[in-house]
Amino acid sequence: MPATRMSQTGNYKTTYRQDQGIFANRKELIWIVLLLVALLLAPLITPRTMLRDFDLIMIFGIAALGLNITTGYTGLINMGQGAFMGVGAYAGVVAANAFNLNLFFALLFGGLSAALIGGIVGLPSLRLKHLYLAVATLAFQEIFTWGVGHSRLLAQGGAIPAPAVSIFGFRDSFLTHNLFWYYLILPILAFLVLVWRNVLRGKHGRSLIAIRDNDRAAAAMGINPATAKLTSFMLGSFYAGVAGVLLAYFSKSVVIEDYGLDVGIKVLAMTIVGGLGSIPGSVFGPAFIIGLDRVMEQVANWLGGLNLFPSGVDVATALRPLSFGLAIMLFLMFQPHGLASWWDKLRQYVTRWPYKS
Amino acid sequence: MSQLNIENVTLTFGGVNALSGVSLHVPEHEIVSIIGPNGAGKTSLLNCISGFYHPTKGSIRFGEHELGRAAPNVVTGFGIARAFQNLELFRGLTVVENLLLARHTHIKYSLLSGAIFYGKASRIEAENRAYVERIIDFMELQAYRRAPVGTLSYGVQKRVEVARALTLQPQLLLLDEPMAGMNVEEKEDMVRFILDIREEQGVTVVLIEHDLGVVMDISDRVYVLDFGVRIAGGTPAEVSADPRVIEAYTGVGSGHDASDPASSDQASSDQASAGQVTA
Numbered sequence: 001m002p003a004t005r006m007s008q009t010g011n012y013k014t015t016y017r018q019d020q021g022i023f024a025n026r027k028e029l030i031w032i033v034l035l036l037v038a039l040l041l042a043p044l045i046t047p048r049t050m051l052r053d054f055d056l057i058m059i060f061g062i063a064a065l066g067l068n069i070t071t072g073y074t075g076l077i078n079m080g081q082g083a084f085m086g087v088g089a090y091a092g093v094v095a096a097n098a099f100n101l102n103l104f105f106a107l108l109f110g111g112l113s114a115a116l117i118g119g120i121v122g123l124p125s126l127r128l129k130h131l132y133l134a135v136a137t138l139a140f141q142e143i144f145t146w147g148v149g150h151s152r153l154l155a156q157g158g159a160i161p162a163p164a165v166s167i168f169g170f171r172d173s174f175l176t177h178n179l180f181w182y183y184l185i186l187p188i189l190a191f192l193v194l195v196w197r198n199v200l201r202g203k204h205g206r207s208l209i210a211i212r213d214n215d216r217a218a219a220a221m222g223i224n225p226a227t228a229k230l231t232s233f234m235l236g237s238f239y240a241g242v243a244g245v246l247l248a249y250f251s252k253s254v255v256i257e258d259y260g261l262d263v264g265i266k267v268l269a270m271t272i273v274g275g276l277g278s279i280p281g282s283v284f285g286p287a288f289i290i291g292l293d294r295v296m297e298q299v300a301n302w303l304g305g306l307n308l309f310p311s312g313v314d315v316a317t318a319l320r321p322l323s324f325g326l327a328i329m330l331f332l333m334f335q336p337h338g339l340a341s342w343w344d345k346l347r348q349y350v351t352r353w354p355y356k357s
Numbered sequence: 358m359s360q361l362n363i364e365n366v367t368l369t370f371g372g373v374n375a376l377s378g379v380s381l382h383v384p385e386h387e388i389v390s391i392i393g394p395n396g397a398g399k400t401s402l403l404n405c406i407s408g409f410y411h412p413t414k415g416s417i418r419f420g421e422h423e424l425g426r427a428a429p430n431v432v433t434g435f436g437i438a439r440a441f442q443n444l445e446l447f448r449g450l451t452v453v454e455n456l457l458l459a460r461h462t463h464i465k466y467s468l469l470s471g472a473i474f475y476g477k478a479s480r481i482e483a484e485n486r487a488y489v490e491r492i493i494d495f496m497e498l499q500a501y502r503r504a505p506v507g508t509l510s511y512g513v514q515k516r517v518e519v520a521r522a523l524t525l526q527p528q529l530l531l532l533d534e535p536m537a538g539m540n541v542e543e544k545e546d547m548v549r550f551i552l553d554i555r556e557e558q559g560v561t562v563v564l565i566e567h568d569l570g571v572v573m574d575i576s577d578r579v580y581v582l583d584f585g586v587r588i589a590g591g592t593p594a595e596v597s598a599d600p601r602v603i604e605a606y607t608g609v610g611s612g613h614d615a616s617d618p619a620s621s622d623q624a625s626s627d628q629a630s631a632g633q634v635t636a
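Residue numbers (the working numbering), protein chains in the order written: chain Z, 1 to 357; chain L, 358 to 636.
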């Protein structure tokens, strides 16, 4: 995390305002700009099928960033991120269908609805800690799945189509679907990252970290623990809600299966694999988990071709959860700080080269 | 009327009286020390003032505020800051970030302007950063500004703890054993800081300390607790001459049975410091 980085050479800051900057020096700013340009040009060279994975990585990146706010930065375990995505998706799509809202209002409405529910679900966090809180969020996930499944208004969990989107004259069509959404999701992700980075350098972000590190001391600093925890839950579920609406529009409909407990656990796994309390980690995690899925598909295809198993056994269905579980276990054992810590080490190595770090 | 008035405070934990009927008064701009053997209830009393415990009976008034039922963050808002006995710093954060956290109640902007950051939030953050720098200068922490607190030595962490409490800009500062585990030089520094805090910032100080030499030197007023009861109070000279205080610290006197293993244990461990009472 940049907050705890020592200042390095090339730092010529003379005012406190300059010291608030997101980047330690101009070099970092240039790298970020280059990265954004590279991301904007990436679809030119990536195959269209892979672009679909990029879209999913970014959508789950938003959800993982939200979970990182609640779990990584504030230390409140939330297993119901899937349900918060679902609240956003259903609210956004149903409202968009009913009131003919365009995508951006649907995103805002979905996010705010999820934040509202997040505030309510966060209430037990004022009393419960650690695993007990995790179970409370798990209960919300079950209530959500059951509630949607029994609600006529929400088609009892069946598909509710999302309206077609057209922005600045560009239309979502069959051939350009993945490309269209790539350029739509990328700026939304970048914007949400910037918003969180801004919150993080002010009093609100600091107070969340304080609650995580030492809630007694945080209270002695005049921070109201209840306000901070609810803010964290609401922010985290706002991000989940936005991700949920995007996922619904991207897959052209809302189905309850997309927002079940397994999704919440997958997002939690992404957050842990990426690195708790790290912004780049929130994108590394989804990239790793979704990438792993694709690799396992290839492996399964190859294994299937070897005719080792009786026909009718789908190797992929066995390999995917197996590799997923193994990856999480290995990360928890050997790299509890996630991919983000490798990223930090790599950056330090490059910065200090040719000196040893 | 003093700044902090504690009247008849009783604190009970399931039948055990941690404090029974303690009354004490802290006038503005004074350094008031609370001393007593281990387990006397000093920290419990501080916890009652700062809102971590709520007294079973009695009242604690700070100015016009009643603190008996107030939560810790509310008490802090009234202008009472506290440095903890066992370091309660945010270990992963830097010194500057720890101190900025103490500006929380002074930094006023909404979450929305925080999300935009540029403009209002940026300006207010910079102003408060400037205040933090003043405290860093005052507490001589310049060399550690950007170091994660967890990496600093114990003595420096203690100083950061006091600095953080001071950054809250309190009217009343509660210090719980700020000199425990320090060498003589570090203790001298800390005493100098405490005296400067009173002189330059006009802050009232309530000090819990085991080093009776320090206590008798710098306090305007000393209160002595033993087994949750206030047994003496007054100027350092009055207190060190009080026979009940000498008895509590040495076990020598009329009240206790000398063969009682508990009290003789206490006596031997406190012998050294008790020597300073009479010295």
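There could be a bad hint or two in this list.
[Claimed, not checked] Computed Cβ-Cβ distance ranges for the label pairs, DEER-style:
{"no.": "1", "chain 1": "Z", "residue 1": "N102", "chain 2": "L", "residue 2": "N443", "range": "51 to 57 Å"}
{"no.": "2", "chain 1": "Z", "residue 1": "R294", "chain 2": "L", "residue 2": "A483", "range": "42 to 48 Å"}
{"no.": "3", "chain 1": "L", "residue 1": "S467", "chain 2": "Z", "residue 2": "L44", "range": "26 to 32 Å"}
{"no.": "4", "chain 1": "L", "residue 1": "F584", "chain 2": "Z", "residue 2": "S341", "range": "46 to 52 Å"}
{"no.": "5", "chain 1": "L", "residue 1": "F584", "chain 2": "Z", "residue 2": "F23", "range": "57 to 63 Å"}
{"no.": "6", "chain 1": "L", "residue 1": "S467", "chain 2": "Z", "residue 2": "N301", "range": "49 to 55 Å"}
{"no.": "7", "chain 1": "Z", "residue 1": "Y349", "chain 2": "L", "residue 2": "D546", "range": "54 to 60 Å"}
{"no.": "8", "chain 1": "Z", "residue 1": "S341", "chain 2": "L", "residue 2": "E484", "range": "30 to 36 Å"}
{"no.": "9", "chain 1": "Z", "residue 1": "L36", "chain 2": "L", "residue 2": "E423", "range": "24 to 30 Å"}
{"no.": "10", "chain 1": "L", "residue 1": "A487", "chain 2": "Z", "residue 2": "L36", "range": "32 to 38 Å"}
[Said to hold, decoys possible] Output of the computed footprint for chain L on chain Z, the stretches with three or more beta carbons under 8 Å from beta carbons of chain L:
{"no.": "11", "segment": "157-171"}
{"no.": "12", "segment": "250-258"}
{"no.": "13", "segment": "312-321"}
None of these hints come from the bench; they were simulated from the model.
Please read these numbers as outputs of a predicted model, since none were measured by experiment.
The C-beta atom is built at its ideal place from N, Cα and C for all residues, glycine as well.
task: Would you list, in rising numerical order, the hints stated earlier that this structure does not obey?
output: 3, 7, 9, 11, 12 and 13
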